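Using this note's numbering, the letters of the sequence shown map in sequence onto residues 62 to 127.
Treat the hints with care, since some could be wrong.
No more than 25 Å apart at the CA atoms, straight line, and that leaves these computed lysine-lysine pairs for DSS-like [said to hold, decoys possible]:
#1 Lys115 with Lys126
#2 Lys115 with Lys75
#3 Lys115 with Lys94
#4 Lys94 with Lys75
#5 Lys126 with Lys94
These are calculated hints, taken from the structure and not from any lab test.
Here the structure is a predicted model, which is why all the values come from computation and not from measurement.
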Amino acid sequence: SLPHSAAGQAEYGKEVDINDLHVGDLMFYRTYKDEPSHVAIYAGDRQIILSSFKNRRVQYYNIDKV
62 SLPHSAAGQA EYGKEVDIND LHVGDLMFYR TYKDEPSHVA IYAGDRQIIL
112 SSFKNRRVQY YNIDKV
């Protein structure tokens, strides 16, 4: 079982270089806190899949624009 929060889940992973990501890897990042507050799925070709609260849907984003 994993914690509910992104910050808690991130504690179970390990940091890797952005160039070493593999399809399906989870990517934790900060949006409004000093700790990870959101999770995305790496989809390959510098794209991530994440749910957008603002747009209310799941979308692909370029990793360099998040």
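Here's how the hints hold up against the structure:
1. Lys115 with Lys126: 16 Å, holds
2. Lys115 with Lys75: 29 Å, violated
3. Lys115 with Lys94: 18 Å, holds
4. Lys94 with Lys75: Holds. Lys94 to Lys75 sits at ~20 Å (cutoff 25 Å).
5. Lys126 with Lys94: Holds: Lys126 and Lys94 sit about 18 Å apart, inside 25 Å.
Consistency with the previously given hints fails for number 2 only.
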